[in-house]
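Once you've looked at the hints, go ahead and assemble the two chains, each given alone in its own frame, into the complex.
Protein sequence lines correspond, in order, to chains A and B.
Just so it is clear: in the first sequence, position 13 is 13 by my numbering, and no numbers are missing.
Just so it is clear: in the second sequence, position 47 is 47 by my numbering, and no numbers are missing.
Simulated from the structure, these hints should not be mistaken for laboratory data.
Warning: the hint list may mix true and false statements.
Keeping only pairs whose Cα atoms sit at most 25 Å apart, straight-line, the calculated DSS-like set for lysine-lysine is [unchecked claim]:
| # | chain 1 | residue 1 | chain 2 | residue 2 |
| --- | --- | --- | --- | --- |
| 1 | A | K9 | A | K70 |
| 2 | B | K42 | A | K9 |
| 3 | A | K71 | A | K57 |
| 4 | B | K99 | A | K71 |
| 5 | A | K57 | B | K1 |
| 6 | B | K99 | A | K57 |
| 7 | A | K71 | A | K9 |
| 8 | B | K1 | B | K99 |
| 9 | A | K83 | A | K57 |
| 10 | B | K1 | B | K42 |
| 11 | A | K70 | B | K99 |
A few chain A residues that face chain B, going by a derived Cβ cut-off under 7 Å, partial list only [to be verified]:
| # | residue |
| --- | --- |
| 12 | N26 |
| 13 | L27 |
| 14 | A31 |
| 15 | P39 |
| 16 | W95 |
| 17 | A101 |
Counterexamples of contact, computed for chain B against chain A with all Cβ distances above 12 Å [claimed, not checked]:
| # | residue |
| --- | --- |
| 18 | E15 |
| 19 | Q38 |
| 20 | T58 |
| 21 | D84 |
| 22 | Q111 |
Backbone N, C-alpha and C fix where the C-beta goes; we use that ideal spot for every residue, glycine too.
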Amino acid sequence: DGGITQSPKYLFRKEGQNVTLSCEQNLNHDAMYWYRQDPGQGLRLIYYSQIVNDFQKGDIAEGYSVSREKKESFPLTVTSAQKNPTAFYLCASSWGGSTEAFFGQGTRLTVV
Amino acid sequence: KQEVTQIPAALSVPEGENLVLNCSFTDSAIYNLQWFRQDPGKGLTSLLLIQSSQREQTSGRLNASLDKSSGRSTLYIAASQPGDSATYLCAVVGGATNKLIFGTGTLLAVQP
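One chain only, chain B, in its complex shape (with noise of 0.2 Å):
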């Protein structure tokens, strides 16, 4: 069964400073993995989208890096910004049966 981890739980960094979110997941047959925000008693925003193809994605000034051989990705921040608060799930697709599995998710704090 695949289960899917995000360390740290929550992270809290000085505004301007780069940072990494980690995910990795059980099983490296995967379709896709997805990067989602979400603010606070609000939905999920799609942030970036890594075929299993792919190695890598990026918008702005996000990141997503893809290794299916061990298990793993990371979302890097560049220059984070208060506006960057907010929880960031990772969630992988697998199996024909196209459903998202999800970590629980790191809370992020950018302090000003």
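Chain A extracted, bound-state conformation (with noise of 0.2 Å):
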């Protein structure tokens, strides 16, 4: 079956700790992306990736770190720094360009 998935569908998190987000997908697609999701305000981009061994920053990257080593994955760290990480946290990818993108399933983050 093609698609992303997500791990864990749920996450929580001490104060303090860093703690990692799994995306992987078997699609074959260049381009990986990070979404936040908060009530209300829409989703929102945290990074995103069009190639291997490289990344760019979103709107929202500050207390977040990425890596893309293999085209299939695009791990998330959400690190102590990010002061509110409370959030549904979505992963997409797509052919890059203007081709459709598809998401997975979430993981759902809460501080403890």
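Okay, structure coming up:
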């Protein structure tokens, strides 16, 4: 089955901890994206990558980091510098350019 | 900076009614526009993709139109069903970065 897999579905973080959200795709897409969704604010872009070993900051990159060592994987680390990390995180991928984007099922991160 | 607006924010209709959801964007230099559906606590499901050179796309009971010059798109849902209840999001892709920029969505409730 082709698609995008995010894990875990639910994640709890203690104050001061770094946590990593996984995103894997088997669609052979070049471009991958991370979005954050908060109630009433829509989706905001955190980071995106158009090719392996390259990525760019989105609109709200502070307190987050990513890597793109493999085409199929784009993990997101939420660092302790992110002061308000509780949100729903969505990963997406596409061929790039004017092509259709597909999303994973999301990871809900809660600070405890 | 591209801004995407969706009106109305929420809509409640009786089953069987035809309805229109609106999406407007401020910069007409887009590559494409994509409509998504999101169920509570879930990821986004792609519904329709309209390339900048196209005027409309159809899939089953859904029809999406695009007027780039006026910065508008509409999603028409025919013969609505309770299973259509969800949040509908539009997103545009423009410029060299291939970033999707989202509206805040329309929450649709179809009453049986």
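Verification of the supplied hints:
1. Note on A/K9 and A/K70: the hinted pairing holds, with a Cα-Cα distance of about 22 Å set against a maximum of 25 Å.
2. With a C-alpha separation of about 10 Å, the suggested pairing of B/K42 with A/K9 holds against the 25 Å cut-off.
3. Using a Cα cut-off of 25 Å, the hinted pair A/K71 and A/K57 holds, with the two alpha carbons roughly 18 Å apart.
4. For the hint pairing B/K99 with A/K71, the CA-to-CA distance comes to about 18 Å; that is within 25 Å, so the pair holds.
5. Restraint check for A/K57 and B/K1: the C-alpha separation of about 16 Å stays at or below 25 Å, so the hint holds.
6. As the CA atoms of B/K99 and A/K57 are separated by approximately 11 Å, the hinted pair is consistent with the 25 Å bound.
7. Between the alpha carbons of A/K71 and A/K9 the distance comes to roughly 22 Å, so the proposed pair stays at or under 25 Å and holds.
8. For the given pair, B/K1 sits about 12 Å from B/K99 by alpha-carbon distance, which is consistent with the 25 Å threshold.
9. Only pairs whose Cα atoms come within 25 Å are accepted, and A/K83 paired with A/K57 is accepted, the gap being roughly 18 Å.
10. In summary, the hint linking B/K1 to B/K42 is not supported, as the alpha carbons are separated by about 29 Å, beyond the 25 Å threshold.
11. Restraint check: the Cα-Cα separation between A/K70 and B/K99 comes to about 20 Å, which is no more than 25 Å; the hinted pair holds.
12. For A/N26, the suggested interface contact is broken, since its CB lies about 16 Å from the closest CB of chain B, more than 7 Å.
13. The closest approach between the C-beta of A/L27 and any C-beta of chain B is roughly 12 Å, which is over the 7 Å cut-off, so the hint fails.
14. Interface hint status for A/A31: upheld, as the beta-carbon distance to the closest one in chain B is roughly 6 Å, under 7 Å.
15. Hint on A/P39 is violated. Least Cβ distance to chain B is approximately 10 Å, over the 7 Å limit.
16. Interface hint status for A/W95: violated, as the beta-carbon distance to the closest one in chain B is roughly 9 Å, over 7 Å.
17. For the restraint placing A/A101 at the interface with chain B, the shortest Cβ-Cβ distance is roughly 6 Å, inside the 7 Å limit, so the hint holds.
18. The Cβ of B/E15 lies farther than 12 Å from every Cβ of chain A, with a closest approach of about 27 Å, so its non-interface assignment holds.
19. Against chain A, the non-interface label of B/Q38 is violated: not every CB pair exceeds 12 Å, the least being about 9 Å.
20. With 12 Å as the threshold on Cβ separation, the claim that B/T58 sits away from chain A holds: the shortest Cβ distance comes to roughly 15 Å.
21. For B/D84, the condition that its CB be more than 12 Å from all CB atoms of chain A holds, with the nearest at approximately 19 Å.
22. Under the 12 Å C-beta cut-off, the non-interface status given to B/Q111 relative to chain A holds; the minimum distance is some 23 Å.
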